[in-house]
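There are 4 protein chains.
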Amino acid sequence: MTLPEMQDLIARGPYLNWLGLEVLALDEDSIEVRAKWREEWVASTRLMQTHGGILAALIDFAADFALVCRIGHGVPTIDLRVDYHRLAKPGDLVAKGRVIKFGRQFSTCEAQVTQDGALIASGRGTYITAPLPGKPPGA
Amino acid sequence: MTLPEMQDLIARGPYLNWLGLEVLALDEDSIEVRAKWREEWVASTRLMQTHGGILAALIDFAADFALVCRIGHGVPTIDLRVDYHRLAKPGDLVAKGRVIKFGRQFSTCEAQVTQDGALIASGRGTYITAPLPGKPPGA
Amino acid sequence: MTLPEMQDLIARGPYLNWLGLEVLALDEDSIEVRAKWREEWVASTRLMQTHGGILAALIDFAADFALVCRIGHGVPTIDLRVDYHRLAKPGDLVAKGRVIKFGRQFSTCEAQVTQDGALIASGRGTYITAPLPGKPPGA
Amino acid sequence: MTLPEMQDLIARGPYLNWLGLEVLALDEDSIEVRAKWREEWVASTRLMQTHGGILAALIDFAADFALVCRIGHGVPTIDLRVDYHRLAKPGDLVAKGRVIKFGRQFSTCEAQVTQDGALIASGRGTYITAPLPGKPPGA
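Chain order of the listed sequences is A, B, C and D. The opening position of the first sequence corresponds to residue 12 in my numbering, with each subsequent residue numbered one higher. The opening position of the second sequence corresponds to residue 12 in my numbering, with each subsequent residue numbered one higher. The opening position of the third sequence corresponds to residue 12 in my numbering, with each subsequent residue numbered one higher. The opening position of the fourth sequence corresponds to residue 12 in my numbering, with each subsequent residue numbered one higher.
Next up, chain A with everything else stripped away, as it sits in the complex (with noise of 0.2 angstroms):
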């Protein structure tokens, strides 16, 4: 899958789209995008961060599409785990995802969120990779 490819697959999903993801890297195992902040996503307007569920959400897909160039498309979440290690505050940030273990049946991958080069967040993920009967694939 080349680039604009996946940028054209992201730009189907709207709440892909939502998150404003901007695909910046790409390989067989690893995805990098930014996603380009807004004021919903602002967890308290005193704070000014980023809610938990938008970096989240931002693990989850670099997780997921970690997997896209093996697999063609998003595939669903099994399980996630996010650690948060320091608020973002308004801004873009950038999400880069990669494989750990691909497996027939289900795969590992983990992700991390950065804002100008400091850890936000972290976590991993685990992925249905088996063609599931009835079960489309994008959860």
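Derived from the structure by calculation, the hints contain no laboratory data. Computed from a predicted structure; not experimentally measured.
It does not matter which identical chain is meant; a pair holds if it fits inside one copy or across any two.
Derived SDA-like pairs (lysine to any residue); straight-line CA-CA distance at most 25 angstroms: (1) Lys112 to Glu43; (2) Lys100 to Thr140; (3) Lys47 to Met59; (4) Lys100 to Asn28; (5) Lys47 to Glu33; (6) Lys112 to Gly102; (7) Lys112 to Met59; (8) Lys100 to Ala36; (9) Lys47 to Ile21; (10) Lys100 to His84; (11) Lys100 to Gly83; (12) Lys100 to Arg115; (13) Lys112 to Thr125; (14) Lys112 to Pro101; (15) Lys112 to Met12; (16) Lys100 to Ala141; (17) Lys47 to Pro15; (18) Lys100 to Pro142; (19) Lys112 to Asp40; (20) Lys112 to Trp48; (21) Lys107 to Cys80.
Using the hints, position chains B, C and D against chain A.
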């Protein structure tokens, strides 16, 4: 904290507002909210399922705000685990959170998301319940 | 599966034997066992607390074997989360496991470990409940 | 802390002794140990695989002790995630731990377990790195 006070607290957070949260029930150790579906939640237009990042946000919110009656405000999330059980269809979701163990330094809570009574996702998180010098609540 | 059959199944596993597990209760979706304390469990001789790896093993066992009545044997663990709530003192522990969501491909279960009624640790795991070609159960 | 000092610290813990840990490498942010296989680790005599609870203990140990050079002793585990990638055969295991984010209140570390170079399990944990009044280290 009363239910209207909790509703008012939620209204002050832009992202929680965007999630369309309506408080259904509240007591010292738990909270239940309804989240109003919006088109931006859709992961893929073919399946129309709600994206896992929205479900993660609801798990984090409900687990975190199960602590609010004791603490008086949202607290920083240390880490989060989410298990995905079923695809959610277009429509509102209900999230319930409950304290598993309250501690002076950090606390563990669990939460689940349902749709029309079916379990969509569940999970747990660890939250800072110690006063943190220089690190304010609400992450 | 009857309680003596379950006790017999456990007796065939060297590590489960070493944990000194006695089945207290069993039904289609849950299991409860007592684990017999041994000196090798101690993390530090100053505090005499049971090591977190023992607690993790009990969480994994109880979550996994909550599925045994449906499946007939232990199943491979995909991943595990454990939250540590209190130090365990020298003495036996009780572990309870329960199915959260049973699926044809994989299932999610939760478990807790108590000592004299106090919550020591809790957690959840994802387990393979599909027949895996070439990957036998019991991991 | 020197490698012999670390080996001596490990020798004082009964459970760590039982795991047969030999320190292979050590620096400010990481640790690598070999764990000596024993028959009691076996989950099922048919497959002879090492039980997931042993792998979880090694992940927890390596993640925790990646902090030891900074802290001077083991620290309490808040929570742990373990992903299981392959069955381990009878034989020694190597565990490596690394600090992801060091914080004054709590820290996140990751670890992996390999056998003959193959990835068996990986995971991450959160650890208390603040001095806890009345709650001593070593959980």
